[in-house]
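Chains as they are written, first to last, in the numbering used here: chain A, 19 to 586; chain B, 8 to 198; chain C, 15 to 134.
Rather than coming from a laboratory, the hints here were simulated on the basis of the structure.
None of these values were measured; they are calculated from a predicted model.
It is possible that part of the hints are untrue.
Calculated lysine-lysine pairs in the DSBU-like style (CA-CA distance at most 35 angstroms, straight line) [unchecked claim]: (1) B:Lys96 with A:Lys223; (2) A:Lys540 with A:Lys223; (3) C:Lys29 with C:Lys80; (4) A:Lys540 with A:Lys43; (5) A:Lys536 with A:Lys316; (6) B:Lys97 with C:Lys80; (7) A:Lys43 with B:Lys11; (8) B:Lys165 with B:Lys26; (9) A:Lys536 with A:Lys456; (10) C:Lys118 with B:Lys116; (11) B:Lys97 with A:Lys43; (12) B:Lys11 with B:Lys26; (13) A:Lys526 with A:Lys456; (14) C:Lys29 with B:Lys165; (15) C:Lys80 with B:Lys11; (16) A:Lys316 with C:Lys80; (17) B:Lys198 with B:Lys97; (18) C:Lys80 with B:Lys96.
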Amino acid sequence: MSTQETHDHGHGDGHAHEPQSFLSKYIFPLDHKMIAMQYLFTGMAMALIGGFTVYVFRMQLAFPGAHVPGFGMVSPDRYNMLVTSHGTIMIFWVAMPVLIAALGNYLIPLMIGADDMVFPRINRLSYQIFLLSALVLISSFFVTGGAFGGAWTAYPPLSARGDYNATGLGSSLWLVAVALEFVAFLLGGINFITTAMNARAPGMKLTDIPMVVWMIVLASIMFMASVGPLVAGAIMLLFDQQLGTAFFDPNRGGDPVLWQHLFWFFGHPEVYVVLLPAMGIVAEVITTFARKKLFAYKTVLYTAAATGIIGFFVWAHHQFIAGIDPRMASLFTITTLIISVPVAEMLFVYIATLYGGSIRLTTPMLWALAFIAEFLLGGVTGIFLGAAGSDIYFHDTYFVVAHFHYTFFPIAFIATFAAITYWFPKMFGRMMDERLGKIHFWITIIAFNFIFIPLFLTGAAGDHRRIYNYQHFPEQWTPTLQNLRILATYALLVMIAAQVIFFVNFFKSLKSGPKAEKNPWKANTLEWVAPSPPPHGNFEEMPTVYRGPYEYGHPDRELDYWPQNEPA
Amino acid sequence: MMVKPLATNRSSSGMSTGKLAVWWLIASEIVIFGGVLASYLMFRLGHPEWGAAASHTNTWAGALNTMVLLTSSLSAVLAHQAAEQGDGKKAARFLYFTVLGALMFLVIKSFEWTHEIGLGFTLQSGGFWSFYYLAAGIHAAHVIAGAIIMIWVAAYAKRNEELQRVEYIGIYWHFVDIVWIFLFPLLYIAK
Amino acid sequence: MSHSEAAHPHTNYVKIWGILVVLLIVSILGPELGHPVITLVTAFGIAFVKAYLVAMKFMHLDREPKFVMYFVATTLAFMALLFAGVAPDVMLHDGKNWDHSAAKQVVETGQALQGEGQGH
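Let the hints inform the model, and build the full structure from the sequences given.
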């Protein structure tokens with residue numbers, strides 16, 4: 019090993035000066051930062067599609083039967099398609115690529131002081147498979163019968179037979195797209211794990227690794243350990259659809275509940291797969307802007323690991339009314355309530371980190387604080403759904419919808435905005451506009467709460483989530499409930515409109531924002547040692563690590579921060 | 008030829024990067040096969056009538072294939088031994104022998120399947136046969152992928168290049184062998 | 015070229031292969047005795063022994079750092095968890111206050127057909 023480490027201290031731009039054509043730099047790059055950008059922009063484009071679908075079906079719910087501008091009339095089967103696509107796209111093609119793939123690719127090598135991922139070509143292949151999966155999904159909108167409309171959970175028997183769901187080809191393309199996407203993230207995940215395990219800068223101990231890197235790696239391990247049965251299940255469902263097997267057909271000896279188990283064995287850990295990176299981002303942002311050491315580094319690490327492990331023991335709480343064994347339901351209720359402990363502990367550590375800090379309310383800090391507040395609401399409302407008794411009432415109502423949006427929106431958007439506004443100076447070498455950033459923040463957060471608080475109420479009043487026109491249900495078609503639905507839709511329109519501010523800010527700053535220095539936030543981690551934006555090869559001189567990532571406000575020092583690479 | 012990043016040659020964990028990645032790949036494969044086999048096992052235990060279907064499988068073909076895979080595993084590990092001694096040519100010869108084993112495995116498998124399909128046992132002939140073709144099919148896909156990668160690794164090894172890859176593909180190959188070691192009793196012996 | 019056998023104790027791979035082949039023969043002959051317990055032990059017990067030998071001696075799991083063993087064992091444990099969590103619903107066809115009539119029917123029809131087949 020020592021012979022390999024000797025040439026490690028040289029200049030890291032060994033292959034930075036090769037002339038690069040447009041194709042090899044932007045289309046088929048090997049550089050981890052460019053691949054991260056590909057993931058980020060693909061994720062953002064998919065978010066626009068996912069946002070458009072929600073605009074259309076929320077309009078239908080507020081004004082049933084009306085002509086939706088930009089789409090037209092919404093028929094029941096189109097409504098199903100839109101809802102299914104919204105769920106699938108937002109989780110698999112927005113949250114996963116942006117939080118795990120884009121940020122993981124960008125941050126892991128920079129934050130551990132490496133010049134690239136350990137397998138650049140596998141990294142590139144991973145993005146290409148991901149892009150292919152997105153194209154397959156989009157193509158399913160244009161085939162006979164249209165895109166799959168059987169909900170993003172794809173329960174058989176509805177999903178298993180073309181003559182049940184009327185989208186014979188669409189549902190198969192959906193499965194193929196999802197399976198390809200899993201392959202892409204498996205390749206990417208193995209790369210992340212191996213890079214973080216093996217390519218750390220000299221001197222970087224396990225407890226010197228920035229929290230966000232730990233979280234992305236733990237998330238990748240969880241993803242890898244949970245997705246296998248669903249890959250197998252996807253093949254089985256595809257066989258059921260196209261080859262006439264009977265894995266999930268109860269009349270011929272199959273069992274539809276098996277799919278639900280295989281799906282949620284992955285599906286619930288998946289929540290933590292996207293939660294952990296978000297928690298990591300928040301840890302980086304609040305320590306930087308509270309100018310304080312993370313309150314309990316090891317506690318966060320152990321609770322994250324505990325979340326990862328307990329996360330495997332809770333999946334059947336999605337199936338309380340699916341006819342699962344009641345004894346199992348009691349067990350899964352207990353484990354579900356237990357998992358709130360480590361997650362709450364992480365939030366407490368973050369709040370304790372803020373205590374007594376010199377807090378700077380920059381845009382990324384606002385997003386990070388909002389994450390803690392909003393995710394807390396999502397977690398607390400989950401307790402009603404984790405307990406089998408109350409879940410029997412709440413199951414498949416808008417209460418569930420509001421609950422998981424209170425968890426997923428903070429994860430997929432609030433934390434992502436925190437990350438983008440925080441690392442933008444590093445990614446593009448320019449500062450974002452703080453004023454526009456804050457306007458965008460406040461409108462988005464207020465509108466978000468006005469969308470989902472009304473939905474908690476309609477859900478508690480019995481609104482079922484798979485209904486496309488409440489006029490057919492007189493007891494739900496009351497003025498109060500309908501006004502709440504309209505309120506949610508208006509708030510959604512405001513929130514979507516507010517994203518224009520983000521895009522204006524993003525592209526304006528990209529072009530003409532003030533130049534960013536190497537370390538604009540005065541943070542400690544290694545990515546701030548590299549130039550902004552970092553060249554191919556990342557560092558001018560490969561860094562060596564001397565201390566942990568959160569040494570802010572050390573009493574013996576004049577400066578209130580202490581970069582990880584600075585010799586004592 | 009791509010210049011490898013410095014990161015690829017570091018090994019903070021004390022294990023070479025390629026080998027570490029292969030082991031993580033195997034961990035992810037364990038859960039894929041684990042999903043199939045766990046599902047099969049619970050169906051098989053809940054459906055005693057599948058025994059009748061299982062009795063039509065050819066134990067001798069399965070046993071012969073186990074033998075072929077065990078032998079190919081031996082030559083894969085001998086290739087690794089040769090690579091450790093720096094003898095790329097010898098390593099490549101053993102790898103080609105392993106590929107030959109993969110081909111034999113697939114030939115035996117295709118005769119077996121042709122015979123069974125001829126008797127009318129297809130994917131649609133009920134739960135057992137669905138799982139039979141599914142599990143063995145996914146396994147066969149891994150055999151094909153392994154054989155292709157092995158030919159590629161052998162082409163480099165012959166020129167004494169990238170000899171560490173001989174070990175990596177070997178580890179993967181032994182994993183494919185282990186999966187078959189479990190598939191054999193599950194599909195052929197339990198009747 | 016330097017020899018690295020010094021670092022790795024020389025394993026007689028052909029001998030391991032020989033043991034594997036003997037085990038294979040035992041696992042084929044076991045069921046011929048017709049006793050279910052012997053079949054179980056020779057078929058599945060031996061499969062575990064074979065897998066152990068291949069993992070330790072061919073994949074050199076015994077030489078690798080311990081953490082490799084731990085994460086491989088963890089994925090195996092998760093598969094046991096999957097089985098334990100799913101089997102009560104899919105493997106069993108009835109329980110307290112519930113029964114899976116479609117599955118029971120399939121089993122009955124299947125066994126009736128089987129009985130007929132033996133009758134002829």
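Hint check results:
{"no.": "1", "hint": "B:Lys96 with A:Lys223", "in the structure": "41 angstroms, violated"}
{"no.": "2", "hint": "A:Lys540 with A:Lys223", "in the structure": "22 angstroms, holds"}
{"no.": "3", "hint": "C:Lys29 with C:Lys80", "in the structure": "26 angstroms, holds"}
{"no.": "4", "hint": "A:Lys540 with A:Lys43", "in the structure": "30 angstroms, holds"}
{"no.": "5", "hint": "A:Lys536 with A:Lys316", "in the structure": "29 angstroms, holds"}
{"no.": "6", "hint": "B:Lys97 with C:Lys80", "in the structure": "31 angstroms, holds"}
{"no.": "7", "hint": "A:Lys43 with B:Lys11", "in the structure": "17 angstroms, holds"}
{"no.": "8", "hint": "B:Lys165 with B:Lys26", "in the structure": "20 angstroms, holds"}
{"no.": "9", "hint": "A:Lys536 with A:Lys456", "in the structure": "23 angstroms, holds"}
{"no.": "10", "hint": "C:Lys118 with B:Lys116", "in the structure": "33 angstroms, holds"}
{"no.": "11", "hint": "B:Lys97 with A:Lys43", "in the structure": "40 angstroms, violated"}
{"no.": "12", "hint": "B:Lys11 with B:Lys26", "in the structure": "16 angstroms, holds"}
{"no.": "13", "hint": "A:Lys526 with A:Lys456", "in the structure": "15 angstroms, holds"}
{"no.": "14", "hint": "C:Lys29 with B:Lys165", "in the structure": "27 angstroms, holds"}
{"no.": "15", "hint": "C:Lys80 with B:Lys11", "in the structure": "28 angstroms, holds"}
{"no.": "16", "hint": "A:Lys316 with C:Lys80", "in the structure": "22 angstroms, holds"}
{"no.": "17", "hint": "B:Lys198 with B:Lys97", "in the structure": "43 angstroms, violated"}
{"no.": "18", "hint": "C:Lys80 with B:Lys96", "in the structure": "32 angstroms, holds"}
Going down the numbered hints, you'll see the structure goes against 1, 11, 17, while the others check out.
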